[in-house]
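Engineer: Here is how the chains run, residue by residue.
Number of protein chains: 2
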Amino acid sequence: MIQAKAYANHSPTDLLKPFVINRRSPKPNDIVIEIAYCGICHSDIHTARGEWGPTAYPFVPGHEIVGKVIEVGKKVKRFKRGDLAGVGCFVDSCGKCANCKSNEQQFCDHTAFTYNSTELDKVTPTYGGYSSHITIKDQYAYKIKKGLPLDRVAPLLCAGITTYSPLKRFKTKKGSKVGVVGLGGLGHMAVKIAKAMGAEVTVFSTSPGKEQDAKKLGAKNFILTSNPDNFVPYEGKLDLIIDTVSAQHDFSLYMSTLKKAGTHVLVGASPEPNHVEAMALIFGRKSLTGSLIGGLKETQEMLDFCAKKKVLADIELVPASRINEAYDRTVRGQVKYRFVIDAKTL
Amino acid sequence: MIQAKAYANHSPTDLLKPFVINRRSPKPNDIVIEIAYCGICHSDIHTARGEWGPTAYPFVPGHEIVGKVIEVGKKVKRFKRGDLAGVGCFVDSCGKCANCKSNEQQFCDHTAFTYNSTELDKVTPTYGGYSSHITIKDQYAYKIKKGLPLDRVAPLLCAGITTYSPLKRFKTKKGSKVGVVGLGGLGHMAVKIAKAMGAEVTVFSTSPGKEQDAKKLGAKNFILTSNPDNFVPYEGKLDLIIDTVSAQHDFSLYMSTLKKAGTHVLVGASPEPNHVEAMALIFGRKSLTGSLIGGLKETQEMLDFCAKKKVLADIELVPASRINEAYDRTVRGQVKYRFVIDAKTL
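Protein sequence lines correspond, in order, to chains A and B.
Counting in my numbering, the first sequence runs from 1 upward without gaps.
Counting in my numbering, the second sequence runs from 1 upward without gaps.
Bear in mind the hints are in silico, worked out from the structure with no lab data behind them.
This structure is a prediction, so every number in the text was calculated from the model and none was measured.
With a straight-line Cα cutoff of 20 Å, these simulated EDC-like cross-link-like pairs (lysine to aspartate or glutamate) come out:
| # | chain 1 | residue 1 | chain 2 | residue 2 |
| --- | --- | --- | --- | --- |
| 1 | A | 174 | A | 200 |
| 2 | B | 260 | A | 298 |
| 3 | A | 143 | A | 83 |
| 4 | A | 297 | A | 109 |
| 5 | A | 260 | B | 298 |
| 6 | B | 237 | A | 109 |
| 7 | B | 27 | B | 83 |
| 8 | A | 68 | A | 138 |
| 9 | A | 260 | B | 109 |
| 10 | B | 68 | B | 138 |
| 11 | B | 259 | A | 109 |
| 12 | A | 259 | B | 109 |
| 13 | A | 237 | B | 109 |
| 14 | B | 260 | A | 109 |
Let's have the full structure, built from the sequences with the hints guiding it.
Structural biologist: Right, here's the structure in full:
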């Protein structure tokens, strides 16, 4: 058993505080990672606060994890001591179902998510990356290339794959016209990845102040969404929209900017139902769909792509003592664009 | 000029009455069709009553047209006198744009729809199939095989292609599991065509009385939608849903019956926006999309498929004098499943 330092909360209204958890000693196929950095994802906050259904407390958040391999089980071939490794939103899955076999482990009925879940035994709770160490089956960890600023790699494990997966699925390439709704943690990654794939990017935002930022990140166009007239010049122009907004909004207006057979992909989830007009889908045969992180193979592919293209998150590094402040600022949208916890400070 | 008998109305509140229209004498690429039958589509009623934006009066509805070719222009090769021909929802398009070139004339920016539209000159009004004759470019008419009950073929020109197109697009085949929402004119065609493609069909309806009818038409399962519990046994079971309902409804519940990556296709359009939950799309990576009739090539393919598989509409044949009564009964859902006008009675 490995005693690990962590941060946890114990009820929906509780702040996160220092906490000690046990990580298992490595089995033959496990690796132990000494965590260097962990990103703060909005999902961490929703779950900590019990906003997405029941949360199992004590709750240790974090699924944007990077660090160094310090122990390897005797059957492990993919990693050796001293390698860099990442952990994303899940740490295990059944490995046998059609979803696992097609490398879409995120849709397995038995996925062990990185936090607020259990290991495959359905009993042992999983604890996230706001901790000093994690033990994980080597097949569920990702290889991270050396020589990159590791703190800026961490957010790729959720924000990166969440936006990369639909961009890839809809074959984004040089010349593609991609819209990105919302310029937060997910949105800024969507802009960078789409741009790196060769797309011309249009950002939709409610904040006029974000125009300059959007363009600095690589966007060509900016639509201020508070005035519906601003959509008109973009009618029928886009191939794909990546919608990262998790507040209720009417999709129809955004879909007017899609070309025939274009697709509007939701990666942000508002808890309330959203509006959509049937005519916005029927004329132009457009689609509205969703996307949920990515499987093992695609996540590794994304990490390799980002390493090659030098795509990294824009972050604000914080010590563990400032996690609760970072939560409040994330909820208010006051971060450019992702808080990352320095695990040395836990 | 050919004087044709027709039925028209002159304002949104007006009943349809006998009216005389002029059809052009055939140009070198035209054919003249003596109309035998014309289906009554719900769109006819919406347009006659001005419910879908402004209608140009006098208005002659009808876009489910079948009849006999009685004259051919001198350059026409596809038809000869005495052949059977059909006309669907459009009578012309630019022929030059990407949509026309990819045989999706329904999405051309200049499509001349069969009624409440104009010819390509943007001046000459188009009049629909509640009339004794129609003149049309031969390339925009469909070949109808002889030996079929022609009155039961008419509804294929709109209800048939509207449901065939998405069934085809999503590769419905033997063993596919297809849901059909609503059992009216469109719904009953969706059941028959899906079944003819080899699918197992599940009908969703608000009316308990329709269960027996659904099964008679070829459905295997029936979900009475008034009770959400009835959806539960079908969770994750369907590949595709064809949604023919044009009243407002929440799509999320229906989407729960889709498999991973399944698709819910709207072919009915409610005027009010509908609800959809982001989570219904994100978990299982499901899609919501729309479909609008079909292009020339696909419509001909559908007619040939239906002829081969003996798929015909279930209809109630009415004389022209009963058009207004048929409208009222269609709105009340009191028809199994399509009224067809006998054009001899105009």
